[in-house]
Every structure is written in structure tokens, then in C-alpha cells.
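4 protein chains.
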Amino acid sequence: MDPIVTTVRTDLALEAREMLTKRVREDIPGVLIETSEDEDAVITRVTITTPEAERMMGKMQGKYITIESPGLRYKNTPLQQKIMNFLAKELVSMTKLPRNATVLIVGLGNWNVTPDALGPRAAHKIVVTRHLQDMLSPELKDGVRSVCAISPGVLGITGMETGEIIQGIVSKIKPGLVIAIDALAAASSQRVITTVQLASTGIHPGSGVGNKRFGLTQASLGVPVVAIGVPTVVHATTIAMDTINTLQEHAAFGRYFKSMANLSDQDRHTIVRQVLPEMLGDLMVTPKEVDRLIEDIAAVVAGGINQAMHPNIDYENIHMYLH
Amino acid sequence: MDPIVTTVRTDLALEAREMLTKRVREDIPGVLIETSEDEDAVITRVTITTPEAERMMGKMQGKYITIESPGLRYKNTPLQQKIMNFLAKELVSMTKLPRNATVLIVGLGNWNVTPDALGPRAAHKIVVTRHLQDMLSPELKDGVRSVCAISPGVLGITGMETGEIIQGIVSKIKPGLVIAIDALAAASSQRVITTVQLASTGIHPGSGVGNKRFGLTQASLGVPVVAIGVPTVVHATTIAMDTINTLQEHAAFGRYFKSMANLSDQDRHTIVRQVLPEMLGDLMVTPKEVDRLIEDIAAVVAGGINQAMHPNIDYENIHMYLH
Amino acid sequence: MDPIVTTVRTDLALEAREMLTKRVREDIPGVLIETSEDEDAVITRVTITTPEAERMMGKMQGKYITIESPGLRYKNTPLQQKIMNFLAKELVSMTKLPRNATVLIVGLGNWNVTPDALGPRAAHKIVVTRHLQDMLSPELKDGVRSVCAISPGVLGITGMETGEIIQGIVSKIKPGLVIAIDALAAASSQRVITTVQLASTGIHPGSGVGNKRFGLTQASLGVPVVAIGVPTVVHATTIAMDTINTLQEHAAFGRYFKSMANLSDQDRHTIVRQVLPEMLGDLMVTPKEVDRLIEDIAAVVAGGINQAMHPNIDYENIHMYLH
Amino acid sequence: MDPIVTTVRTDLALEAREMLTKRVREDIPGVLIETSEDEDAVITRVTITTPEAERMMGKMQGKYITIESPGLRYKNTPLQQKIMNFLAKELVSMTKLPRNATVLIVGLGNWNVTPDALGPRAAHKIVVTRHLQDMLSPELKDGVRSVCAISPGVLGITGMETGEIIQGIVSKIKPGLVIAIDALAAASSQRVITTVQLASTGIHPGSGVGNKRFGLTQASLGVPVVAIGVPTVVHATTIAMDTINTLQEHAAFGRYFKSMANLSDQDRHTIVRQVLPEMLGDLMVTPKEVDRLIEDIAAVVAGGINQAMHPNIDYENIHMYLH
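Protein chains in written order, with the numbering used here: chain A, 835 to 1157; chain B, 835 to 1157; chain C, 835 to 1157; chain D, 835 to 1157.
Each hint should be verified, as a subset may be incorrect.
Put simply, identical chains are the same to the list, so a pair is met inside one copy or across any two.
Claimed, not checked - Calculated lysine-lysine pairs in the DSS-like style (CA-CA distance at most 30 Å, straight line): (1) 856 with 1006; (2) 923 with 909; (3) 916 with 1008; (4) 897 with 923.
Keep in mind that the hints were calculated from the coordinates and are not lab data.
Make a model of the complete structure from these sequences and hints.
In C-alpha cells:
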């Protein structure tokens, strides 16, 4: 069976599994699921444990945690604070770091393309402390990890692969962990801005809004890499595909269709190419309020990282550490 | 017959006519068409002359001129210059103004939502001269019209209808013409950024990316109003509709459908609402490079207006007049 | 005696009085002073009650309240909150408004010149409600005044005097009060960003960073106008003047000067013109961090106005009303 | 004798020499000067050839070229083009590079502080080509050098010294030359925005608007480093110093001063500290129109570099290569 990614593109392991389950209609061997939820959020932990599951899911082996909270679309300070706490807790659980290891935060994406700007905007809100380590009092130092951050820009702006730039910096700074923040593409418009994904696998080629050509992984950098991503777009092709699926799946429209006749995958692609001819891949579907939404969710992502990195900083005063 | 706008939304009279022709499959009485083209651009002039045509087209009686040039998507200075010239010429032909009348340029839309920011960005590039009239030498004054400009912001930002603000300013400034610049929604993704529309009818409620609640028309302002618009988004619903239509129209997919069975308009809407449930209207489909594209097309629109207003300013030095 | 403003320029009544007192070395008739302070802030209320005092101070008759708090330079949420409360209280005390009167907030200044952008940035953070009045429940409506806001831009951008634009809008909207927010010039660098001034006199020509040519006053608009300003620049000439004064005033440098010899006002100007020849008035002295500082102080000003306008909105949730 | 930099700070070798000459009133051994000029610009080439000259000038041994053109303050396309050409020519003459060597452009400074944003803004306008080398046709390749660019951000934003980041990237990318673009401080307000300096010495600690703590030099990076800088600020202290000097130097004011009595350097500093007490170093003096001016001069700097790097690209179409 083909990996599901050939039909609808998603960067969320959660959605890859949903789509696969829909087709396979049974549990997928090698994929473990664990869920917890409260009234505001659902946390799902997907672990891909076998090469076979990796191939079927189209996602690398490793642990993927998603925090879903539809309320993130609305300016709601207490909810944002709560999701920051969840993110901080999951991030700490995913990374086992020596107390004095430095962490390098990498904001991926293009700051000139609003829905791709999540990484740079979140990186900008990180409390960087690596340069202050010698100035901190011993009490404070205990809860303030050495953190540094960079947003290298994309290939078209720098002429360099992000992977090359980060390799160079990692070889010089020697962090114990890299956290890469990136804007993602979802298969469902409801997940846009409302979902945060942590992945123990780092960033792999082809993912993200800007379709990375390179990877940022433990293999390429020599240190563990955690990827934190938020879907900010749905590909236009997804909407076309969703329309076809809706058409077929709903009995109400049965009178229009010959019984049993399912469109082949090839026919689906033919239709989509007809609807979105030249633009394929160039159009993005994004919320109207994307500028404000990106700013808000970048604050949530940065806030969660800040809490995980610097547990002893009083959050009321965390802004004192900000540039 | 229902106006076509109930199915797919477009602010372009050109597209409204295309869609209507497709359904009616004959000439529409009361709609005059005139076309001219060269290797870079097609200019179409649609005139709606009867109330019946107005109802069928879903567009007010008046003259609509579109300049289409696919090359506008690419940074191409000579082509941009050429389209500016076309726009200036059509704008002059549409407006018969006494030499010393003041023109007020209104940049509509929300500067915080990139695809809706065309109006404010173009208005900002207008060569305003009303405050300099007493300082200009007689030779220069001859080719430099009195022009002023404002971008009032949208209802959610000001708490005032744009119509109220502009009525107040018009009553004070007493211009001879208002030119309103606005971002539009197209039915076809190929027209996004590549088409400029001039309308002698002004702005009518429900149009534009931000779905205006008010109108800016000769009736409401007491002076002629020309609207200049560029499609910057396609509504997500359009993609869903396009998919359904493609599916039905292509004989190749006939094997899936029962013969003769066309989806009713109501069924189409049911499907679209299923595909884009809560988001309906909140999602926009826009090119990835929208930030750069808006900046470029705003320069073309402002350049065309500047040329029409100030025929004697040497274009090389037009920047000398800019703030 | 010449008004002090011919030597060092300030928009603060407080500083005008300080400078005048220094020269006159006695109480100024027609100028009433009242001060209150706590550990974080000093509030000074200057009332100019006679035409003679108006002439000597170079400030129109009326009430000027300044809230000074050096801590405003540092990101300090509790202090910012406290100053917002002070501002709200002073603003309420200065304006006696019928409960259902609409208030129009005007953000003056040029958004393209960071230190002049205070007005537009603060206006953008105002909770506008005029368009929501019909939708509010009766309980809520009681504490939510009808507020609208606009940032018209400066003469070089619009070709229209701000006074003309606001007159037009006021004649249409008929507010009961106009609040104009503006960036000011101070005589002392210590007051930059740390001082908020309320003036019952509105805006007078020649004031502000951009040196207004027009006024926004009860006389010109037909409704009361309160001006709220924050110094964001010191004119470069001020630094030159301060240097000369310091040189003369300090006995320690007496050995360099002939006894008794004070520089004449004319000589001072000759020196300043020598030091700052062509640039006079074009250079501004501003803190390095002006971008961040303007953003922070704009939030304080807008927050104070929001509290004064909408006493029943819970501040925790005030962001819910923001666009 | 103390280096002049203890009194008035300048990053321009040209000004350091002017000030030194004024004090020493004779030629400085080890400093070579060469000048050429036309009606629009003066080009001065200062070479510091001895350790003694380095100490007296407060500038490292090497070659410093300044292009001065007061017209750069005004939007003037032909003049900007001319200065680009001059800059390109001087840059080529300063660097002898193998044809296939890669060049890394580094935009220094803080993009959040407008006068310090020259480096990032210019770097953004560089035609990067390193990632396109394999795609270029042989004819084109000949005049299109492999160029890449990065704006790393400042210490307070990244937690890393810019020197560390660039060392890491250089070790990975292995360029044949680094060109570092930086905003400078001038001693004279007339040089702000009107002067471009090229220095064969790279960047040394303490220079620039943001007062670098690190160096970017051949010694630290292992490859030649050319620094290109434009003064965008004058330090507030400079204006105070200028005032004192003007006061003393002009015979017209002699009647106020005791004959022969010159202020000691220490007294000067006491005065300046009195005038600019807490702010010392935090205030900057900058033109009101700095946002527009930085944008324009960044285009000139980037244009000059682009021409030097890619002599075969037709300037009309250079934008085609831009992201």
C-alpha cells in the first residue's frame, strides 16, 4: 500500500495516522497511541516503533506529541498560559538533558511569508541566556539554563542550506540539544493554529510550509534534535481532495454516483491538477487573521520553551529577561 | 435564474460574465463586451446597461474594465511599466475631470491582513500634491493635479464605517472625484495578482476581501467614484466548487456518475459546508509569495494613478514627489 | 521677557515652568501647581489661568497634568499597570462626559518615523466599540462607552491637514469628546518615554515631534479636546543648549570664564547654529531602544484610555475586545 | 598623546584623521592620503601603515576608502546609481579574488533598532547565487559569482557572539572573502547617511552603532574580511563636545572666556556627563527620516556589492535574481 502522503499532505503524525486508519480500518502494527485530555485540550502521543510503520505512516521512527486546543484561535490569556504549561511539561519529558548543557533554538522558515514566519517569530521571543551565564548569581543560575537562538532564513535569502548553517554553528557552540521551531502544513483546516506538535525526530526533508530540502536530525547534527511545529496552512490540494472524499463518502449523494465506484487515486490527482493547474503548491490556504494568529501562537510556543528551559524564572517577570 | 454569485463568489465583472455565459450558453442581453489585446495583456471592457443584466450578473450597472497580464506575477520592470501606462489610459478615459478638480484616493482594506492590504499600500505610494498647490510653479502646476489620499482602516479597527469617514472627509475637502483602491476576491486562482479592474460604479456592499458592509458610490458621496481593484485571494469555497464542477464536466469521470444526474445547487452547498465546516469565509487561498506580490502590484496601481493624475511629471523623477 | 521656548523647545508645561522659574526665580503669577507622589510616580498638575501666564509659559491657558515615572523605561508589568490606573483616573477627572456620548480617539503622527509613531500605535490598541453598541447586552453596555479611533497620517502622506480630516469626521460622527494622542519633544532626556502629559487644551500648532501646522482644539472642532502626549525625542539643539548652560552654571568651570559674563541669548543661538548647521530641526535625539519603548508606552497610554472609557470591562479579558 | 577617540567617537578613519590633524597641526607619519572628486562625490583613501599611526588614529593598520556624497540624503536615482558604481569599483580594487571563490556577506546589527538595521537590510538586498551555481548556464556563470548572505542578529537576541556564529558558518561554507556590512557612528552630523566607508581591516571590537564586543577579521576568521559601513548616528556626546569646541574656538566668544584658558579633557568629560547623565551611550542622534534613509542607503550598498560580485548581470534585470 502506498503511503498516505501521496494523496493529502500533512506534517502531523496524528493526521497521518487518522488517514491511514481510515483506509486500513484496523490498528497499524508498530504505531502506539496514548491520549489524555481535559476540557481545553487533547494531548496525543504517537510512537512509531518499526521501519514498516515508518513506511506506512510516511513519518520517521520516533515520538510525536500533539497538543490540540481549538481555543488557541481566540485571544485567551489563561488558556494560552495553560497550553504553555502543557508544552513545557511534554518538552521536558521528551528531553533528558544534563543540567549545564546549552540548548540552541532554531527558528526555521521565511519571515517574509507570514504563515511561514512562526519559527523566526517564536525564536525572537526566546529568553536567551548563554551570554549571561557568568553574570547570573548562583541561586538564579540553577533555574536558568544556557540558551541561545538563531533564525537563519531560508535558502532563497541566504544561498545556504539551513542545514549547513546550523551544522557550522553547532560545531562551534556545541549545544547538548537543538530545538527547531517550524510552521507546518495540516490536512484539516480545523488544526491550523490550534495544534502544537513535538517530534523527537527533528526536521526531515520535504516537511514544513516551505518544503525543506534538508534535514535537521541527530544524524546530521550529531546532537539530539526536537522539532516543535504548528500547522499554519492547509495546502489548496487538500481542499480539493476533501471535496472529492466528502462527495463519495456521504450516502446522501449516492443518487449521483454509480454504486461501488470509487475514484482511483490517479483520477483524484487528475481532477486536482485540473482544478489547481499551474499554481499547484504555490497557493496556500490560511486563516484571514493569520498575522495576529501567528504572533499569538509564537508567544505560546516560545513561552512553553522558556518555561521548560528556565523553570526558576518567575513568569510574571520573564519579560525582564527579554531583549 | 439565480445570480451566479450564490455559487462561486467573484468581484470581477469579467468572471461573473464568464460564469453566466457558461450556464446560459448564449449572449446576455444588456451586457456589452469589447476586447483588445497584445502579447502581454488583454483588456476587456464590460458594460452593464440594463437592470435585468445587473440582476443576472450580480454587478451594478456601469462600466468595468479589466487589464489581465499573467506576467504581473514576476518581477519584470518593463512589463509593470507597460501595465501602468494601460491603467493610466483607461483611468483617464473613464473619468472626465475639470483640470483644477481635486482627486481623493481612498485605500480600502486592513493593513494587518496582507492580502487585504493592497489599498493602504497603494495609497501610500500616491504622489499627494494638494498641500503643495500654492508652491508649484505655473509650468509644473499644469501637469500636476491636486491629489490627496487616505487609508481609513476597517470597521474593526476604527469603530466607524469607512463610508462615514469618507463622507465626512469629502464634505470638508470637496474633491471632484474619489478613486477607491481595494483588494478583491476572484473565482479563479489564475487571476490572483494578474488582473486589475476599474469600475465606474464605485464600491458596493459585500465586495472585497474584507466583505464591505457599506458602499462608496456617487449616490452615497455625491461625487463620482471609480473603484480600482486587484484580486488577491480566492475563497476556499471556490476551490471546493471548482472540484465538484471539474468532476462533473469531464467525460473521463463519467463512469463514476449516473448518467444525466447533475448535483443540485443545494447539494453543492451541503458538500462545501461539509468540507469547510466552521471556517467558511474565514479561510483564504492566497499565493505563498503574497507579501512581495502585494507590494509589486500596489506599485503598479499607484503608478498608473500617478501617471493619470500628473501627466507632466517625469517618471524618472516621480520619486522626488514622494514622502 | 521672552518666552523660554525661544531657547529650548519643550512640549511639556511642567518643563516650561521649570525653565521659567529658573530664569525668573520667583513664583509665576497665574500658574497654579499641585503635586502628589508615591514611590513610583510623581503627578504634577499645572493650571495656567491668565493670558499673561499663557504668554510667559508659551502654553495655552488650561490644565496640564504630568505623570512621571522613570521605571516606564523598563519592561515592568505591575508598574505599567499602575501608571495606566493613574492615567485613567486623571483622564476621567479632566473630562465630564454624559454617559452615552461617543469619544473619538485620534492617533497623531507619522507611523513611518518611529519616535513619531506613538499616536498611531496607541490608537491601534484602543478598544473600539462604537460599531458594537447595538450588539452589547444592557449590563455590559453600562460600562462600555461608545469609542471610535482613527490615525489619519501626516500632511506629507495625505496632502490634507489633520485638522481638516478630523473636522470632517467630527461633523459626521458627532462625538462628545476628542482625545488626541501625540509624541512630544522634551527639554530633558530623562523625561523621554518616562512622562505622560494630559492637556485640557487640545493640540496647538507647532507642537509634537512632527511640528504640527494646525490645531485640534475646542475652537476648531466644536467639541472638547484632551491631548495625551509622551515625550519621545529631545531636539538636538537642546543638548547643545544644555551643554552651554552646564558650562556656565557650574562654579567648577569658573576659572575658564570671565566673571559675571553670561552669554547672551543671541550668542547661544549663534553657537548652536554653528554646531548643528544644516540639520537644525532635522536631527532628533532618541533612545536606542526607541522601537520597543514606543510599543510599551503606547500600551500604557491605550490601556489608561481603555480603562477610563470602559470601566466595566475586566482588564484580564480586555484583549477579547481587541481586533 | 591620547588617541582622539577618548573625546569624540567616530568609526570613520577619515574623521579620526581630521580630528588628529586639528590637534597635531601637522602631517601624521604613517598615514597616507589620496583624494579624487567630481561634482557629486569625494573619494578619500586613507592608508595606515605603521603601528604608531595605528595607535594615534585609534584605527587598525590597513586601507580605508570613503565615498562622500551629500546628495545621498535625497531620493535621487541617477546619483544613487553613480555611487553604486563607485562603490563597486573600489570594492573590486580592494579585493583580489579567484574567479570561483565564494563570498559570504554578513549583515551586522540589530534589525529592531532602525539606525542599526543597515546591515540586515542591505544583506537582504544581496543577489545570492551560491545555491544556483549548478543551474546557471556557462555564459551566465562567468559573470555571476557564488554569493551567500546572512544577518545573524546581535548578542542580546541570539545569546551568541556574532564572531562565533560567523566562525561556525565560515568553517562550513569556506568562502574566499567575507564582506561585513555595518551601521557606524560619525563625529559629524553631516556625514550621517552621506558617506560609505570600505575598510580592508574588517570589523574591530567597539565599533558600530551597537558597539561590537568581538571582531570579524582575517585573524579571527582565517579569510580576508572587508567591512562596508555607513554612519547612521552621531552620539549625543558628540553634540555636547562640538558645542564646547565651538564655544572655545570662535574668537567671537572670546569676551566670555579668560584668554588662553582651554578646558582640560577631564573637564570636558565632566561637563558631558553632567549634560547626559544616566543616558550616556543610550541616546542616539539620528535624522528624523531615518527609516526611509536607511532603506535607500541599504539599496546603494547592496547595489554596489551586487555589481562588484556579478559584473555580467544586466542591472535593469537584476531584480529577477532577487527573492
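Now for the hints, and whether the structure bears them out:
Within a single copy, residue 856 and residue 1006 get their C-alpha atoms no closer than 47 Å, and across copies no closer than 45 Å, so neither meets the 30 Å cut-off. For the homomeric pair residue 923 and residue 909, the shortest alpha-carbon distances inside one copy (22 Å) and between copies (27 Å) are both at most 30 Å. For the homomeric pair residue 916 and residue 1008, neither the shortest alpha-carbon distance inside one copy (32 Å) nor that between copies (44 Å) is at most 30 Å. Within a single copy, residue 897 and residue 923 get their C-alpha atoms as close as 15 Å, which meets the 30 Å cut-off; across copies the closest is 54 Å, which misses it.
Hint compliance for this structure: hints 1, 3 are broken, all remaining hints hold.
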